[in-house]
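Using the hints, position chains S, V, A and H against chain D.
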Amino acid sequence: MTTASSAALPDPAAAPPEQAPPAETARAGVSDRAATQQARDQQVGQRPGTLTIRAGSLAPRLFLISYSDSFFQEQEYHSYDDLLAYFKANPDLKHWLDVRGYNDLGLIQRLMQDFGIHPLHMEDVLGDYQRAKVDLFDDNRLFLVSRMTDFTSLLEIDDDQLSLVTGPNYVVSFQDDYEDCLDSVRNRLRSGFSMIRHKPPMYLAYALTDVVLDHYYPTMAAIGDYIEVLEDRIFNGRPNRHLLSRILQMKKDIVRFRRLVYPEREKIAEILRMPENVVPEDIKVFFKDCYDHAIQAMDLAESYRESISSLMDLFLSDQSNRMNEVMKVLTIISSIFIPLSFVVGLYGMNFQRENPDGTINHLNMPELYEPWGYPVLLGLLALIVTGQLIYFYRKGWLTNR
Amino acid sequence: MTTASSAALPDPAAAPPEQAPPAETARAGVSDRAATQQARDQQVGQRPGTLTIRAGSLAPRLFLISYSDSFFQEQEYHSYDDLLAYFKANPDLKHWLDVRGYNDLGLIQRLMQDFGIHPLHMEDVLGDYQRAKVDLFDDNRLFLVSRMTDFTSLLEIDDDQLSLVTGPNYVVSFQDDYEDCLDSVRNRLRSGFSMIRHKPPMYLAYALTDVVLDHYYPTMAAIGDYIEVLEDRIFNGRPNRHLLSRILQMKKDIVRFRRLVYPEREKIAEILRMPENVVPEDIKVFFKDCYDHAIQAMDLAESYRESISSLMDLFLSDQSNRMNEVMKVLTIISSIFIPLSFVVGLYGMNFQRENPDGTINHLNMPELYEPWGYPVLLGLLALIVTGQLIYFYRKGWLTNR
Amino acid sequence: MTTASSAALPDPAAAPPEQAPPAETARAGVSDRAATQQARDQQVGQRPGTLTIRAGSLAPRLFLISYSDSFFQEQEYHSYDDLLAYFKANPDLKHWLDVRGYNDLGLIQRLMQDFGIHPLHMEDVLGDYQRAKVDLFDDNRLFLVSRMTDFTSLLEIDDDQLSLVTGPNYVVSFQDDYEDCLDSVRNRLRSGFSMIRHKPPMYLAYALTDVVLDHYYPTMAAIGDYIEVLEDRIFNGRPNRHLLSRILQMKKDIVRFRRLVYPEREKIAEILRMPENVVPEDIKVFFKDCYDHAIQAMDLAESYRESISSLMDLFLSDQSNRMNEVMKVLTIISSIFIPLSFVVGLYGMNFQRENPDGTINHLNMPELYEPWGYPVLLGLLALIVTGQLIYFYRKGWLTNR
Amino acid sequence: MTTASSAALPDPAAAPPEQAPPAETARAGVSDRAATQQARDQQVGQRPGTLTIRAGSLAPRLFLISYSDSFFQEQEYHSYDDLLAYFKANPDLKHWLDVRGYNDLGLIQRLMQDFGIHPLHMEDVLGDYQRAKVDLFDDNRLFLVSRMTDFTSLLEIDDDQLSLVTGPNYVVSFQDDYEDCLDSVRNRLRSGFSMIRHKPPMYLAYALTDVVLDHYYPTMAAIGDYIEVLEDRIFNGRPNRHLLSRILQMKKDIVRFRRLVYPEREKIAEILRMPENVVPEDIKVFFKDCYDHAIQAMDLAESYRESISSLMDLFLSDQSNRMNEVMKVLTIISSIFIPLSFVVGLYGMNFQRENPDGTINHLNMPELYEPWGYPVLLGLLALIVTGQLIYFYRKGWLTNR
Amino acid sequence: MTTASSAALPDPAAAPPEQAPPAETARAGVSDRAATQQARDQQVGQRPGTLTIRAGSLAPRLFLISYSDSFFQEQEYHSYDDLLAYFKANPDLKHWLDVRGYNDLGLIQRLMQDFGIHPLHMEDVLGDYQRAKVDLFDDNRLFLVSRMTDFTSLLEIDDDQLSLVTGPNYVVSFQDDYEDCLDSVRNRLRSGFSMIRHKPPMYLAYALTDVVLDHYYPTMAAIGDYIEVLEDRIFNGRPNRHLLSRILQMKKDIVRFRRLVYPEREKIAEILRMPENVVPEDIKVFFKDCYDHAIQAMDLAESYRESISSLMDLFLSDQSNRMNEVMKVLTIISSIFIPLSFVVGLYGMNFQRENPDGTINHLNMPELYEPWGYPVLLGLLALIVTGQLIYFYRKGWLTNR
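Chains as they are written, first to last, in full-length UniProt numbering: chain D, 1 to 401; chain S, 1 to 401; chain V, 1 to 401; chain A, 1 to 401; chain H, 1 to 401.
Here chain D stands alone, though its shape is the one from the complex (with noise of 0.2 Å):
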């Protein structure tokens, strides 16, 4: 879960390069493919609480967290049933269950009946597809929905789903990724000074919202510079529609970060409405923390749509710019030799100046028997080129811009 640096972003004005995937990441800006695959993948027509594995999901792990104030296990178990034993054996202990990959479908339903988990939410937890929220079941129980976000290399955002269920004295958390942005959590927990040993599991589950949200910060700040990357990029090249297609690509990441915050604060708003019993006052000031943050991360979202909205103005302007600059530089030389050939062709003509009688006819182009005719005609051009030059000067065509 690490961003790309700016230095690995690709250039937004270059073709699209030539290895994979091109033409994905030219067309990135416009149609939503996620959107369209989550369309896609949504089951009709089934009963509810059917549970499905979507192509794809990994074969599942199993962490197992088991702490106190003075104690503190963590274990992978390849077994479930040697989980369960442990876990029923002690029930004095915290335990954070961590679920990651789906690709066991009678796994999911011994989890789900042992952990008194509703089939609804198991649903939601295998469609992956849920935006954050937040259930109250079982009277005290809650069933927690975040998303965490990646700024990916082809300059999308990436969302996991995190879903979080509490019990009396555990966590369940599940998710179809084998890395994920929690282990600061762990390390935390592992340390023993974290206040989440001596804090009810409710604790761990705001722990583990709140990491998810301080993970979009970097995902903003990924955004952040590559607008930064484009505005250099229209300031010092050229607007073309590579260009434009980063642009609108950045603004569609952007709408989609905020689809994201958005119900995410909901969510965190909903938990502080929470009675007492299910969400006590000393985790709600946590909570309200976290508040702050969600409406801070929207804070930003705003901030960057303006500017992603001022880099398309820029960018229009540009457009109309150039064009400008391509008719001024066509006017300048249309006007300043159109008129020069007018004169030349003028000389060009074949009056005779001999009449039928052989009579010398002193009104026909008589300029073109002058001695200094010619002399003459190369100044008088001189001073035409001149005049349409200081003309257009002072009309700012020649040096502006």
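You may find that some hints are simply not true.
It does not matter which identical chain is used: a pair holds within one copy or between any two.
Here are the simulated EDC-like pairs of lysine to aspartate or glutamate, each with C-alpha atoms no more than 16 Å apart in a straight line [unchecked claim]: (1) 133 to 160; (2) 288 to 123; (3) 284 to 270; (4) 288 to 135; (5) 284 to 138; (6) 88 to 104.
Calculated directly from the structure, the hints in this document are not laboratory data.
Bear in mind that the values here come from a model prediction, so they are computed numbers and not experimental data.
Just chains S, V, A and H now, with coordinates in the frame of chain D:
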């Protein structure tokens, strides 16, 4: 109620196909003929509750599914009397009376009377334009309207009305179509393992509402697919009016979709606020799930709206780009050849070498009499061209895009 | 109150017709003369409740419909005293007093006194610009304002005010027009089978409110029809300022329509919140139906707004397209002929073949002395043209619109 | 407080007039100098309730109107002591103390003390930039701020502050202007028939609030008139920057107007929610009427905003149209004459008819030696021109604007 | 905390100055570096309440102002122990402890403990990016955050955080800057006449909040001044990218300002809703005044937003106008000289007067042999030019703009 696959979708940049109805397709992006039809169909000044069969209604077909935990029977009745007799003879069973087609006013009126349906509700059923809503009547019965969507091969969202009336041991459903999207519910009922068999009829009403909502996703996915097709067109093809027309059509579809989903969400929110005696808590849990789906559908629609808006930006920027390109060609060719034409025009002038007295005037166009005049001039012209090409190359007009 | 058929609508792309009032029609799209008139008519600094007859008010005509379950009488009275006498003599009947035209201050004041109408309400009646509203007064009486719409042949929405005052056994309606859209209610009353005959006068108030709302649909349908006409114009004709003016006029109409419907919805929502003793539950059911209609009308208006916005997009894109097309013609012709002109100019130069010493200078324009010079040159020119045509064809400038 | 008639309005498309203040007028459309002045005038870091007389305040003039059902006296006092003595000596009369001009801090402080005005309210009075509001203080007294609008000949909305303080038997009004729009209220009071004479002072407060609100309509009407002037300009004249500047000025005015009316509406809504002992029910009826007016004023402002937005659309479309027209002239003339120039250039070439050996080279430009060569060529040129004219005519470039 | 005068503001249309930091200034309009920095600074995955000193924090300085109705003492302490001793020894005085600079974790932790500050609040203090807010803790203490704004010479809004913690007889303020905008409050305290001396510490908290809010006005005024500078530039100078960049920068500033003021308003609204024992009624009156100011500041920001949007409209219209002007010059010159060139080209053709048999061919270009041929042709050319000039004059292309 199947969704057109993207392969079968019309090529968005091509001129409208020759076969019918070409004009409609080409114009699809703009006016809202469905809305106008709806406004025109509205009965003006009629007594409320007046039942009018719309032109084009189908002859009614009656299907009765009767079930209990252990019993299941499904039958199409051609005589309403038979149906009613069976219904009345089995008060212990739960019944789903499925009315398809309204074209028999007498039958409609008998249904109204026998199942205690309010005339205003019946008017809503027959009007076929009611947006999703729920009405509580007779203290504990619900009148529910859902709208079933379909994405037609003409790229429009088609929506049909499904009206439900709940009763103590039955649900009556009305639709003016023989085909529908409810087969998955029927199959679940037939299977015997379905929860529907064990729950009160209100659960059947939920299941029908849910399956309609589930069908919004394929519609969305089809729209998403088509947006990708349009996107490919813009990136590979040329922006033209037909493409714009398709983009606007998609925009209209998405707006229409939001107008369909929004009241659906409102409806479910209203159900969630209903008292326990109308919708028991254990069924509300399922409606809550429905509510999450409705919000997700709106989120999807927002994503697509963003995509369409980006498509428009790309389209307009492309249109402007193409103008730029045209101007560049004009400017490059004019800027190169107009000065050249001046130079060759210059040496086409007829200034006389010979004075009237027969002496040579060395001031008048001596270049023409130089032995190397012509080759030097050609070299000069080549130099001018080279200089201009270098200038344009530096400006990026020769290579860029 | 009939709606102009689309056949009779003015041709939107044509210049405004010669007959009156052309100027108004052409300019219709921009300023809101009705609003300005309204602002100007507003009485400034008058005592509230001051009754002022607006210029142009009609002479009042009084119609009384008296009815019960079994009785019906309809009469125009030319003497208010006679009317009042009949009204007072029949306290058991229900009465609908229909006042059309306000131009008799004395009569208005007597009506106010005899029917207990509040001066502020009477001021609203006479002002004729009141948006839809409902006021509860005297604990159980209502003052209702509706606005009746019409789509004029000048493409504008015309709206007249209908004010209703309810009483224990009567409804008084005020309008400043002899023609109205209420005939369908009168016909239902005359028929004897109508529910109005059997229900309290509040139901008559509902019926009148409902019929006004119903008339919004033909207005909408006329707007929808005209949008289709405009759409055809854009697709077949040429975008010009008159067309734009019509589009903006339609936009104004739709905005105006929304401003008319929105308070209508608010009004009905307020009626639905009124206590049982003012509007009994069995009449509220009908108002609820009204409410659904108002929401549907707003949905329609939203659809049209979307259509108009798409029309604008099409119009602007077309305007830009036409510029593009003009530029392409210029570019193609210039790009082909300017280089050709250079070449032929080249061979129009007068470099001398003969040196002053009479010898032949083989360097000066030897092409002119080649036997095949001219045909080869013509071939070269043809080659240049062909090359350019191929280039432009490949760019799609020759075929693609 | 009279409204500039539309005849006197500056010509919007003309350059700004020579007389003062031209620069301001020309630039009026953009920056908001009034707002900047307000920001600059704000006292920073002062103790709240500090009374500061703004530069340019007028010397105070004191007017006292004392009245009862049967009594009326109106007098300007030059000594505050006399006024206070009379006020105290007549506790049974109702009084309206009208303070115009603030430039006497001692007097202001005495007023504050004698009439129990809160220092923060007095600060609001003197600051002169307070938006409309109502404050309840001392349990049953109101502090009311209204803003009186005027449409200046510089096309800007001017607004002055009217502050009211109510007491048991008096109303104190403050304004920093000798002229106001309250004369109609004074006249009603003088007449003796006015309801004001018979109602408590709160009704006078209502009457003053109402008359200020009524004066919003002439302002709106003047804006509406000017929009029509602008519209005429666009349709008849030429779009230029001065016109755009005026359009933007009108837009700013309308936005400013909305910002003035909106708090006015909020203020009245707050009054309507006040308890019976502060504002009795029979006065609330009148405020309700006021509320309707405020909503109507906002509706008008919305109408104008729509009009201005359409004006902008027309303006921009016209700007684009004019470019189009320019391009068409260029294209038509270039397309016709550039090919012709090529043809005549062709026959200006100097290919030699005679081979070096004196024989005739029939391949080199035989056309030049044809007896009918020249007439045929002229015919050919005429043909080309005709063909092009037909082509351009068919495209509509010759006729269509 | 003084505001840059408009004279010192960079010239918006000029290229960025050579001295540092030119690039930043030029690019200022687009990306939001402050936001990105904030996102990057965010601590990820840390235990909540972890205190981290930001890089660049200042060494803390401690100022203690102790006061009562009759006593005043102000002192900078270099030893925290001394300060604490004095503070504890004088429980009857009111104290304002002003902490400037955070760079001493030990001190910060002692402050936290001695003054009972919640670790989460301390984290907000040190983080320096907290938006304005108020938290109630320990039942009757407040934690308040304000943001102090400044308008820098780089045209950006700089904002620093001021955090306040109230206690029974003290207020602790935190800021990471030695200079601030609170001197006016200190001066009022020193003067002895200030209300602050007589009121509880909550009033001091109010006074500090108020003075911060008051400082928003000079920032706004500076923005307003700069908008006028930009406006002058647009009217007098030439639109270019640097100007656009400045306009976008101002837009960003205004948006940023609104994001600063909005939570300020929310904060004060929340204070107004607090119970009597936390904020007594007589202090709420002052906060209500604050609230009005916050709303006024938002109104100002809205005004400026409108101005900036109009500036953008003017800028874009100007950009388009300039293109128009360029095109007009091109069109006028081309339209005049291209036909002339054709005519003179025509008479440069070499059609032979003499037939091969030596006879005169009177059909081939007889004009060339007319005695008056050349003068007549010159006259004709003059006529063409005059005709075109009249045409262009009538179109307004020669005079207009």
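Quick rundown of the hints versus the structure:
{"no.": "1", "hint": "133 to 160", "verdict": "within (14 Å within a copy, 32 Å between copies)"}
{"no.": "2", "hint": "288 to 123", "verdict": "between (29 Å within a copy, 13 Å between copies)"}
{"no.": "3", "hint": "284 to 270", "verdict": "within (11 Å within a copy, 18 Å between copies)"}
{"no.": "4", "hint": "288 to 135", "verdict": "between (18 Å within a copy, 10 Å between copies)"}
{"no.": "5", "hint": "284 to 138", "verdict": "between (20 Å within a copy, 14 Å between copies)"}
{"no.": "6", "hint": "88 to 104", "verdict": "neither (22 Å within a copy, 48 Å between copies)"}
In this structure, the one hint that does not hold is number 6.
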